[in-house]
Each structure stands twice: as structure tokens, then as C-alpha cells.
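A.B. asks: Keeping their order, the protein sequence lines are chains A and B.
Note that my numbering has the first sequence beginning at 1, numbered continuously upward.
Note that my numbering has the second sequence beginning at 128, numbered continuously upward.
Since the hints were derived computationally from the structure, they do not count as laboratory data.
Given the structure is predicted, the values throughout are model-derived calculations rather than measurements.
Note that CB positions come from ideal geometry on N, CA and C, so glycine has one too.
Do not rely on the hints blindly, as some may be mistaken.
Just a few of them, taken from the derived set where beta-carbon distance is under 8 Å, the chain B residues facing chain A [what the hints assert, rightly or not]:
1. Phe175
2. Phe176
3. Thr611
Given next are the chains, with one letter for each unit.
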Amino acid sequence: MNLEKVVFGFFIILAMTLNFGFVFGDINNPAHHHVYELFFAIVVNLIATVLKFGERTQIGAIHLASSLVADLGLLAAAWVWASAVYIEGTGLTPDVTASIVSLSVGALAANILSVVMLLVETVMFRR
Amino acid sequence: MHNTLFLILRRMRTPLIFLILSYTIALLGMTLIPGVDAQGRPAPPMDFFHAFYVVSYTATTIGFGEVPGAFSEAQRAWTTVVIYLTVIAWLYSIGFILNLLQDPSLLRVARGNRFAAKVSRLRQPFYLIAGCGETGSLLMHALDSRNQQAVVLDIDPDRVGTLELGQYQLDIPALTADASLPENLLIAGLDHPLCAGAIALTNDDRANLSVAVTTKLLRPELPALCRADSLETATNMASFGTDEVIIAFEVFGEHLALAVKSPGHHLLYEWLTGVPGDPLTDPLEPPVGKWVVCGYGRFGKAITHHLKQVGIELVVVEATPEKTGCDNCIVGSGTEARTLLEAGIDQAVGIVAGTDDDINNLSIAMTAREINPELFTVLRQNRHANTSLFQRFQPSVTMQPSGILAHEFLSLLTTPLLSRFFNLIRAHDDAWADVLISRIAAVLENSVPEVWDIKLSGGQTEAIREAMHDGTPVVLQALIRNPTDRDAELACIPLLLKRGETETLMPEPTTLLQEGDRLLFCGKRQARNLQVLGLYNFNVLSYLLTGKDAPGGKVWRLLERLGKKRAAF
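Using the sequences and the hints, build the whole thing.
C.D. replies: In C-alpha cells, the structure reads:
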């Protein structure tokens, strides 16, 4: 067993589960989507991205790409949240909540892809 | 490029994760610790937006103060923690990344990548030169002034640095690398389709040998030109098909003998292989008679071998005859008058100071000149650093290996026709060479000419082909006339015409040209630029041929041809 692989897998799966936890619930109900969940999803996603830096294989490149996509989705969601609440002052209306959650769902799709690739890599690894 | 990026990213993992974690802890604390409102009553903690703002300006040590409102005591306590945590993380990461950018191995990778990219972007034929010491830089200057591209490898970073500072018109890619390793030759473009040849000029015979082997194994069709210092290496190189192996001493001996036999031929050689634009050299006229050769090493042997062939009487002075295998020579170093007198310096016409010690050579020559001021002095210079001493002494000839090698390589590289030319002129006597010399001198106004060849086929000579297609006879004269004024001649001389297997030296201006002819010219650069006009511009060519402006378009030309036919009826 390789500790590096454990840490790597841990962060990728954690990024997906946190992301899933955040988007789970009614799409336009702010009570179902907690800010801390979004925060941790972003942090774990960033760490997962950094862990994927410097992989030279083709699958490593796709890993990095999907992580960057997830980061982008989640950071966009955070930006929409911040601008709605503090800059424009509209607050978490159902419209705003829906767009935050749908951006995060996009990120979730990228995260699921990451996990699928992790599994594919594991299955192909025959030693 | 990508390799460098991956290397940076991989090493940046730790500092980046450290940075993310410290930000996370700081942000979390900020959003959990209760604040205080303007009236001093407890207020809810900061939201993420403001927490991120506060942590961002704290971590980067910008420090705006307590924004947006005064902090509670608990928040202040946490901010203290945040300062130490994030500032350290930030400085550590930035410091690490800056360090990374200066990492020697990374810089080397980056330089190698830049070099490889430059080489692969080359769009004109280039020579791969291994070793840019004295010979290499002389050769490169000459190639550069002839507009020929080169790529350079050298093991010494200082020399590569000097190269970057050098005044070259072309951008010459250079890399500090060991040329004896095949991978470095590949990076330098040995497998590039436009690589025109490999030239090994390092001062290490083994490295030159390995360049030759690599070239002949990987690209057998490419010419490999090598410098060799010993005869064994030279025969070894020649054994597997190295195209040209040049031993400086042998070449010098040959040329000195040529200068004795026929000063004109020697001068022609010097002029046509020099760096274009340099002043023309004066003829060397070594006297025939008795010569004294001091030092019977590799140089002395080469000299005696060649001078004996042209019938010069030689006396050899050697300090260690048993070591150098020299029988019936005078024992001594030659630096003292006694030995020189014993060798008969007072009746001699020339002296060769050819030991491997510069100071001894100077001392020999000075002593000899004191006894016999009329002597023709040949000095061997081993180290470039002593140039000022040798210039001051003003010997008749200085044998400097780098200059000789550069000349010789250049004559091989410029055009294959040039070495054919030198082969052909051997059949002619000195008087013939003198006539040619005076012609060249008249045209060139005392500067080394450019030498170029033209092949009458393909896109470069479009106009000639069209004219021949039209049935217009094209005479050589058209290429020597000035396109701006037909009555004036260009400052160039046709040296050789090669048609199939027949070669004509100094073709007459009235010669009719045919498709596929190859011509060798020497002359001023300006003349060459003007000549090109007539080669690919049909209107210019027809003006040169007939003195009239030809009809420009295809239709007009067709009409004119029809008109001619009708007139014939």
C-alpha cells in the first residue's frame, strides 16, 4: 500500500462527497445549502488540484483538467453568493440559490469524473 | 517547455498545500469567533466574504487595520494567530517559488528547451558546430557574414556566453553541453531535415571522434567534417567514412610548400577562403634554399615532409632526437646561437620555429634573426594569449592552428564548387594564377570577396528558365552586367562553369548557358545582390540580354512571339 495513493484518493473522494453534500436538497431553498459545506468543498477541491500538479501521464492531465473545472465551478458559485449577499444586497433569494447550486452541480459532475478516472486507473493497475 | 512547467508545478505542491491549509484555518476561525458592534454589544461572527478579505490583506502583510469595523478582543486574539500563521506560509511559499526559479537544474532544463525550440524552428539549412573555441568562432564569423546559419554546442559555459555577446547578424542558437554525447547532438538538430552537416572542432580528439561516429551512424548522408590533432585519430575517422578530416599541421605544411612552389596559387586560396570584407592579404613568397627547422614534433614532421617535396634543403634541430625519432639532426633546442650556427643559420634563407613552447619559439626566431636578418621566419603559435608578442615580432608567417582550420573548413563549406576550383587550378602554372589575382584585385578594391554558386534550375532562377523556354539564348555576360545600367559590369568574376561532368575554368562571357549549369562566382556582396535580380525577374533579364524592356504579361509575350513568327513569313 502506498501512502501517497491513499492521500490522493482520499482528497479526490472527499472533494466529491463534500460537493455532493452541498448540492443535495431543493435547488432553490437556501436552508438546504450551508455555507460551510461550500467552503470546505472549495478548500478540499483546491488541495486535490494541487496534488494533481506535475503528473505527466495522459490520465494525469485529464485529472488535473477536471479538477480545474470543479474549482472554477465552485469559485463561481462562491462569487455569486458573495456578490448577491454583500455587493448587490439582494440576499439569498430562490433565484440566487438556484444559480449557486447549479454551478456547484456542474463542479460535482467534474468531481464525479475525477473519481471515475481514479477507479479506472485503479482497475488498470495490475501489480 | 512543458517539462519545465511540470517540474515547477510538482515542486510547488508542498508550499501551495501549506498555503491553502493555513488560509483555511484562518478563515474558519474568523467565521466562528463572535465580533462586536459599534455600541460594544456582542455581534455575530464575520461572514466568509469579510473573513476572506481580512485574511487576504493580513497574509500578504498589507495590513489595512480593523476593517470593516473594530474587532472584538477574541477576534484580535485570533488575528494575532492568523498573522503568524499566514504570513509565514505566504513568505515560505513565495520564497520557495522564487528559489525554484533560480534552481540551476531547472535553469538548465529551461535553457535546453529554449535551445531545442530555436533549433526546431530553423527554416534554412544550418551546420551543427561542436566546439566554439578560436577555430569555431572564426568559422562562425565567416559563415555568418556569408549568411549561413549555424547551431553551436560547447562544453564551456564561458565560451557560449562570449558567443551570445558576439556580433552576429544571424541568431545563432548555442548550448552549453558535451558534444560527445549523442543526445546533445540530437537536441542540436542532428536529425533536423535542414541540418546540412556536422563540424567537430573541439580541442579533444575523442570528442571529435564521437561526433563523427554519431553523425555517420544516425545520418550517414550528412557530411561530417572533423578536426584531428593526431594522425591516428585522423585515420580512425577516415576509416568509417568521415568526409573531411583536417589536421592543422598537415594543412599548414601543405600550404607553406604551395607558397614556395607557387605563391599565386597560395594567394588565391587565401583570398577565396577568407572572411568576406576583411582586407586582402599580401602574397607570401618563401625563398628557395636552405631552411632550418627547430623542433621535430608533429608540426616539425609535417613541415619537413611537405617542404622536402618541393625541393627545399632542410636542417633539423631537435632537443630530444631519441624521443621524436629524428635521425641525423642537430641536437639542441635552437634557442642558443651555438646550435643555430651549427645548423648553418648564417647561410640559410628560412627558419621554422616549431616547438610546442611559444616563448622558446620566439627566442629561437629572435636569435636567428640577430645572426641573419634576411631570414624568412615561420613561427608556430600555440596559445592565443601570446598573439600580441607574435604581432610585435612580425614573423613572415605565424602558424596558428585555429586560423588555418577555419580557412580550410570554410573552403569546404562555402560551396562544393570551390574545392573543385582549387583542384582544377593546380594544373595551371603560377603565371596563370597571377593573371587571375590581378583581375580579382582590380574588381575587389582590396577586400576579401564573397564566393557563391548559382544553379540554373528551380525557382531561384525562374527568369533564366523562362528565357530558355522562349528560345532566347542566354549568355553568361547577362549575369555579369549591372541590371540598373546594362553597359556597366558587376564587381564579380565567374570562376567555374560545371555542366554535367565537364568543368570549365574561367568561362568566357560569351558562353551560352544551359539549364542545369552550375556557376561559381567571386565578387562583392553588392554585385551578388544585384545579380539575383536578373535571375528571377524576367523583365530584368531580358533588359540585360537585349537592352529592351520585354512585354510583361503572358498574353503580351504570346502576342509578341506570334508577331515575330508572322514577320518571319
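A.B. asks: So, for every hint listed, does it hold in this structure?
C.D. replies: Hints, verified against the model:
no., hint, result
1, Phe175, "6 Å, holds"
2, Phe176, "4 Å, holds"
3, Thr611, "60 Å, violated"
In summary, the one numbered hint that this structure violates is 3.
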